[in-house]
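Q: So the protein sequences, as listed, match chains A and B. For the first sequence, the working numbering gives the first residue as 1, with consecutive numbering after it. For the second sequence, the working numbering gives the first residue as 378, with consecutive numbering after it.
The hints are simulated quantities; they were obtained by calculation from the structure and are not laboratory data. Fair warning: there could be bad hints in the mix.
[As the list claims (entries may be wrong)] The calculated label-pair distances, taken between Cβ atoms and stated as ranges, are: (1) B:677 with A:349: 47 to 53 angstroms; (2) B:470 with A:70: 38 to 44 angstroms; (3) A:88 with B:387: 56 to 62 angstroms; (4) B:464 with A:70: 46 to 52 angstroms; (5) B:688 with A:191: 29 to 35 angstroms; (6) B:395 with A:299: 27 to 33 angstroms; (7) A:232 with B:691: 53 to 59 angstroms.
[Unchecked claim] Heads up, incomplete: computed chain B residues facing chain A, CB under 7 angstroms, no partners named: (8) 401; (9) 411; (10) 433; (11) 495; (12) 637; (13) 641; (14) 644; (15) 746.
[What the hints assert, rightly or not] Some chain A residues flagged as far from chain B (calculated, every beta-carbon gap over 10 angstroms): (16) 157; (17) 235; (18) 242.
Every residue gets a Cβ at the ideal spot worked out from N, C-alpha and C, and that includes glycine.
Protein chains: 2
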Amino acid sequence: MGQRSGDPSTPARPAAPDEGIGAGELTLATRNHGLPLEALRHDVTPPGLHYVLTHYDIPYVPNAGAWRLAVDGQVCVPLDLSLADLLSFPQVTTRVTLECAGNGRALLTPRPLGQPWLVEAVGTADWTGVPLRLLLAEAGADPAAVDVVFTGADHGVERGIEQDYRRALPLAVALGDDPQVLVATAMNGAPLPPQHGRPLRLIVPGWYGMAHVKWLRSVTVSARPFTGFQQTVAYRVRRAADEEGEPVTRIAPRALLVPPGFPDFMSRTRVVRPGRVRLFGRAWSGQAPVSSVEVSTDSGASWAPAVLAPAMDGQRWAWRGWHHDWAPAPGEYGVGARATDSAGSTQPLEQCWNRGGFANNAVCFVQVVCVGDGSSP
Amino acid sequence: MGQRSGDPSTPARPAAPDEGIGAGELTLATRNHGLPLEALRHDVTPPGLHYVLTHYDIPYVPNAGAWRLAVDGQVCVPLDLSLADLLSFPQVTTRVTLECAGNGRALLTPRPLGQPWLVEAVGTADWTGVPLRLLLAEAGADPAAVDVVFTGADHGVERGIEQDYRRALPLAVALGDDPQVLVATAMNGAPLPPQHGRPLRLIVPGWYGMAHVKWLRSVTVSARPFTGFQQTVAYRVRRAADEEGEPVTRIAPRALLVPPGFPDFMSRTRVVRPGRVRLFGRAWSGQAPVSSVEVSTDSGASWAPAVLAPAMDGQRWAWRGWHHDWAPAPGEYGVGARATDSAGSTQPLEQCWNRGGFANNAVCFVQVVCVGDGSSP
Numbered sequence: 001m002g003q004r005s006g007d008p009s010t011p012a013r014p015a016a017p018d019e020g021i022g023a024g025e026l027t028l029a030t031r032n033h034g035l036p037l038e039a040l041r042h043d044v045t046p047p048g049l050h051y052v053l054t055h056y057d058i059p060y061v062p063n064a065g066a067w068r069l070a071v072d073g074q075v076c077v078p079l080d081l082s083l084a085d086l087l088s089f090p091q092v093t094t095r096v097t098l099e100c101a102g103n104g105r106a107l108l109t110p111r112p113l114g115q116p117w118l119v120e121a122v123g124t125a126d127w128t129g130v131p132l133r134l135l136l137a138e139a140g141a142d143p144a145a146v147d148v149v150f151t152g153a154d155h156g157v158e159r160g161i162e163q164d165y166r167r168a169l170p171l172a173v174a175l176g177d178d179p180q181v182l183v184a185t186a187m188n189g190a191p192l193p194p195q196h197g198r199p200l201r202l203i204v205p206g207w208y209g210m211a212h213v214k215w216l217r218s219v220t221v222s223a224r225p226f227t228g229f230q231q232t233v234a235y236r237v238r239r240a241a242d243e244e245g246e247p248v249t250r251i252a253p254r255a256l257l258v259p260p261g262f263p264d265f266m267s268r269t270r271v272v273r274p275g276r277v278r279l280f281g282r283a284w285s286g287q288a289p290v291s292s293v294e295v296s297t298d299s300g301a302s303w304a305p306a307v308l309a310p311a312m313d314g315q316r317w318a319w320r321g322w323h324h325d326w327a328p329a330p331g332e333y334g335v336g337a338r339a340t341d342s343a344g345s346t347q348p349l350e351q352c353w354n355r356g357g358f359a360n361n362a363v364c365f366v367q368v369v370c371v372g373d374g375s376s377p
Numbered sequence: 378m379g380q381r382s383g384d385p386s387t388p389a390r391p392a393a394p395d396e397g398i399g400a401g402e403l404t405l406a407t408r409n410h411g412l413p414l415e416a417l418r419h420d421v422t423p424p425g426l427h428y429v430l431t432h433y434d435i436p437y438v439p440n441a442g443a444w445r446l447a448v449d450g451q452v453c454v455p456l457d458l459s460l461a462d463l464l465s466f467p468q469v470t471t472r473v474t475l476e477c478a479g480n481g482r483a484l485l486t487p488r489p490l491g492q493p494w495l496v497e498a499v500g501t502a503d504w505t506g507v508p509l510r511l512l513l514a515e516a517g518a519d520p521a522a523v524d525v526v527f528t529g530a531d532h533g534v535e536r537g538i539e540q541d542y543r544r545a546l547p548l549a550v551a552l553g554d555d556p557q558v559l560v561a562t563a564m565n566g567a568p569l570p571p572q573h574g575r576p577l578r579l580i581v582p583g584w585y586g587m588a589h590v591k592w593l594r595s596v597t598v599s600a601r602p603f604t605g606f607q608q609t610v611a612y613r614v615r616r617a618a619d620e621e622g623e624p625v626t627r628i629a630p631r632a633l634l635v636p637p638g639f640p641d642f643m644s645r646t647r648v649v650r651p652g653r654v655r656l657f658g659r660a661w662s663g664q665a666p667v668s669s670v671e672v673s674t675d676s677g678a679s680w681a682p683a684v685l686a687p688a689m690d691g692q693r694w695a696w697r698g699w700h701h702d703w704a705p706a707p708g709e710y711g712v713g714a715r716a717t718d719s720a721g722s723t724q725p726l727e728q729c730w731n732r733g734g735f736a737n738n739a740v741c742f743v744q745v746v747c748v749g750d751g752s753s754p
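Taking the hints into account, I'd like the entire structure generated from these sequences.
A: The following block contains the structure:
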């Protein structure tokens, strides 16, 4: 549809040169939020610190006991399940690092308009739920089907299309057991908070956040490829508006560090004093296990290997800790880290621009000032 | 101190005309967050939806059992208290609506640089803790003292001043029993989340957020007025930089509504269809109880009274619900609400600008498009 008077929707576009953050972007930035990077210290992110992105409103669900999940479409026996029904299936808990596909978007030039993430749209939680493959087996999903479509209760309009939030996975992914897709009812051992999908959400370990449909109402087995807005219009990697583009799927490797020292309130520049500074951070990849992390304190001119924390059994889908000892002298530094995974993927130093601002895992440097002992910053 | 090369701090200033949101403001906006306005539905805000603002880093406190609180200064017997010690005092639970003093800042023209809040920096929780007056009585605070100074564990630099976050209350306020200031150890019946002050914070019902010192380490009774940065430099209402200004204290009245209908993802314009729409929201004032709420659907040209929910016993310091039924025809609307309290304060339609962007409670209108039945937005 075109632009009419009163039309609430605008087409996707990159910002003009020097175009500041606009009203829509600011509204998104004040209601959604990232992980304050110092919270990378926590192995498991406390819920209020885990990143949150919602396309539309967070549904208000005062009575989770009345929630129903439909499993339908190309199945032998459609299911209509309550939370109690779901809890009668075997339960699995998986530690998963979740990252928004748009993480890094606001660092791109030109900046694609959308949620203006810097690098903080990430978090790790223990998710508990029923393996999706058990529900699909119970319903008797047609093995010749193509996609499984997931519908959330969140409803809105986006680029002129009124919709429930809806995404699909290929049947083979939905039936997979490594990773095992979950229909989750608990986060860190407690019922899901409203902003994380109360009472039900999908968890797809290793995939960017758009796949983890929240406020899940139906699971529909489809004989045809799903062509909904969030699958074929949004969440595609395109350089030109008229390309079909590549779908956004698994998380590219990234390492981030707990910013060292202490911050200036407004510039967020960090201040450290001379002497040993232990740099600590996390690294993850949804494509293959992280195999190494390197650290640079000179904005990428040189790199040194970091020490990886031991890989933990059963935590393939969670971030991995790392550290590196640094002894700065007074001066200015650009401190960053880069992860490489066992498939050989690593983080670029230069941006790989695309129109949606997806999967921008270019290395980002924290500005650090080391002041002399006894000097004020 | 002046601006040197590598100086992490910059002075406070208003944005230039047409100056977009800058890097520092965006970093603040992605790590702090407001209440998504649809969460006004909840009487008590779930912790991850309550607004959060931290000046510096959130301290990492893996072992709350080792935390100590000092009560010192002009006292007969200095105290050095563990969490267990605090729990041996009588415990009080109070439902409190907390709002950031900078709420509304980014709507001002010119925009003061800082955390760029629109109107969503609010939340309501049940806070449990020891009345501060009991701790001051136990220590034997000097009744001739002037201020009580509260020091948090959060440390940073702000406009060139390296500091622990520190604020004071007049002794009479600290000793008051209506409102009763709390040293809180629990939020909504659970230990404080890291971002809300784990393991200890101050709660000062009716005051803006800057008074509710988080990660509380010491309570110091002072014979002289406190002149620290957050008391005499920041958090003053000034029109000119060289004014002494008025201190920011109690929360000015405000009403907000759950945005009706559903949103466009990017513009956040709301879409409704013709027929009855029940507008619902909350109203609060830290100065006096809310006495009325009015609603406008024509951007303030005319106003109609809303129906206030009954005042709840013992909930003077929490927001109050209200509703108003509306029957829109197709068209465009600016929908807003305005609260008045029993001291006669109300919300202005025009901004009252000040350099820090504090206490801007001007009425804000939600843009709503009513589309015909069966029409797409």
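Q: Tell me the hint numbers this structure goes against, listed in increasing order.
A: Hints 12 and 16 are the ones this structure does not satisfy, whereas the remaining hints hold.
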